[in-house]
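Can you make the complete structure from the sequences, with help from the hints?
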Amino acid sequence: MLLLLFLCPGDANYNKEKDINLEKKTTGGGLEEFLVSPRKQNWTRCGDKMCQCKGYQARCVNHGHHLTYIPRFKQKITKLNFTGNYLPFIDNETFTNITELKLACLVLRNSSIQNCTRNAFNGLKSLRSLFIRNNTISSMELINCLSGVTKDLNNLNLEFIYLDKPWDLDLDKIMTDSKIDNLHLRNIEITHYNQSKLSTFKHVEIIRIYKSSINTITLDYSSTLKKLEFAHNPFSEFPTFCVNGYAYFPHLTYLNLRHNNIQSIKSELLTCMKFLTQFHIDNNRIHLIESNTFSNLPKLFLVSISYNGPDMVLQEFAFNSSSLKELYLYDNDIYFVNGKKHVNKDAFQYCTQLEELSVSSNHFGFTTNQMFEEIFGTLVNLRSLSVAHGGLEFLPSFIPKYLKKIEKLLFSGNNIIHIQEGYFNNLNSLKIIEINSNKIATVKQNTFSLQFLKQVKSIDLSNNTFSCNCELLWFINFLKTSPIRKRFNHFPKEYICGSPTVFKGKQLLQVRLSERICLTMYHIIIITVLTEILLLLTISFVYRYRWHLRYIMYVARFQRIRSHRLLNGGVNYKYDAYLSSCDADFDDVIYHELVPRLEGNMGLRLYIPQRDGQGNKIDQIISKMGVSRKVILFLSDKYVEDRYCEFEASFAYNKYINEKRDLMIAVVLKELRAKNVTKTILKILAVDNNIKWGWDEESLELFWLKITTAINNMDDLIVE
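Be aware that the sequence shown starts at 1, since it is given in full-length UniProt numbering, and climbs by one per residue.
Read the hints as simulated data drawn from the structure, not as lab findings.
The following label-pair restraints were derived from C-beta to C-beta distances:
1. N42 <-> Q114: 27 to 37 Å
2. N187 <-> G245: 35 to 45 Å
3. F160 <-> K76: 30 to 40 Å
4. K274 <-> E393: 39 to 49 Å
5. K299 <-> L513: 56 to 66 Å
6. S429 <-> E471: 25 to 35 Å
7. Q114 <-> K431: 49 to 59 Å
8. F160 <-> E100: 25 to 35 Å
9. P310 <-> N446: 38 to 48 Å
10. H592 <-> V677: 26 to 36 Å
11. E393 <-> S449: 16 to 26 Å
12. K274 <-> Q114: 43 to 53 Å
13. K504 <-> N426: 34 to 44 Å
Calculated cross-link-like contacts (lysine-lysine; reagent style DSSO-like; alpha-carbon spacing at most 30 Å):
14. K444 <-> K401
15. K325 <-> K457
16. K179 <-> K76
17. K125 <-> K197
18. K408 <-> K457
19. K299 <-> K266
Since this is a predicted model, take the numbers as computed values, not measurements. The beta carbon of each residue, even a glycine, is placed where N, CA and C say it ideally should be.
What follows is the structure in structure tokens.
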């Protein structure tokens, strides 16, 4: 309906056309009802019973071929809507029935106009607004049609006019001394826009050209133009508004270049327009906002550069402006990550008067608290901030730290999981909060102070994944009982439990929890947690000291065996010696060098685990070492690193201490590294019976002398 509001001067107010899309659509004080199908009340039949009248308005609508002329009216009609009828030919006689009326507004829509003679509109001397739409006519016929329009016409609106060739706007030839101040063209093919073709429009203030296939633009001077819109056209070059520092439109206040293919904003072609207040360049292909692009526009208060990207870059001081108050950068696919390609950390520096900022539908998933502070921390006068649908996972700390004047915060559609306690408490001007459609599970008593809840007008926490457990009990009870709950938007229908399963999908109002139930659950949880902790500690202790515990158990078993033997008068040994060595050393030295000599030459009975062992190794160590007169330990770095060898050494040393006899022989095959000399090994080496293996002939003779002496020492248990 926006495009129909330019028909009657008293019905349009372009200075108040800004909403969430930055241009509010006014209803026109009754014009909408005039253009659309009327309600039955207050409308009466008129105009040869083919029309409906109400006051000074007449509507002759949708009669098709049954209405092929302009009817006569008895009333003093000033507005006529002639839509959906059949009027293929317009000449000097067409408007005879209404020439006596002071008709100010005429609408000719869908009337199949094909031919129009010169001066067809001559008789309509009071006409101020003319709207022609959805007709097929040649360029020449259109020029003929408009040539007779009164010079006092203020508003000319041409839409969906299907010409035989692109129109070159030859209005300067037929509309000399025109008083038109509002020109609106839509869906008329104009491949080249030449401002000089409108040179006779000395009073024009508003020019709107939509969807007209404009590829190139040539501007010319106009001292009266205040509002210019080139929207939904394919041109890619930023128009040349300035030449040598002088403006073609020195009094332009509103510029709309939405939905084109512009790739860059050239500040030198814009900076001369000192009265510009609003600049819209959404839905283009802008890839760069250079430093100080808007710094020389002293009255600029609104900039909208949305739905661009994905390659848009914000250089340092991109929005440097002493006057800018509203900035819209939503849905540009920008990654707000300092130091990366898209945003310089100083892009918003020197924009301290900014009051409203929308950066929604960009990327904030990788933006840290520090980055937020560096990029937005200087915007201390912000009153409205929108960071919706950006993948944000937390509420930035710079907001309560710097934005003391903030009134509206919009964070809907993010991934926020937590609201910090007291986050909003010092934001005394805040009135509207939207954190709906996030992943918030819990709202606690200290999340919002009572003072803050009384101050705020609207809070939206709907469509979050609330965890309906005892942590949410306060919030559930608050929403059930407090009158302030009216300030929570979309409550109760869209405040739904996301977990646990028993409550999933239910409204918070339907959840049945009480302090008694929660207290019982709290005690159960504490007992369960403590039990699990104790069990975990026990398991950890047993696992960590498993070898020590097994050792203690086997030592106790050995003591019982020893006591039993003492009671029966001594020990009947099965083996002369128990050989303790690691597998690596056994094949290298022991099996080929020592075993043949000890068993073959000396006739000793040896127990060798690598040869004679079977079953559980620990059981073998205990039982076989218990029936061996001597224990020979072959020490090396690899021996110390073997856990079974470590157990054999510990058990042999403990057996040596407990039995108080010379039963242990330590053979050092190789010098041990310092890190491998454990407490047990150190104690064993401190015993006198330790022998070093020798690799030369003299050392070997000494070795065999010592080991033969040690083995042949037949002292058994020493009884005190």
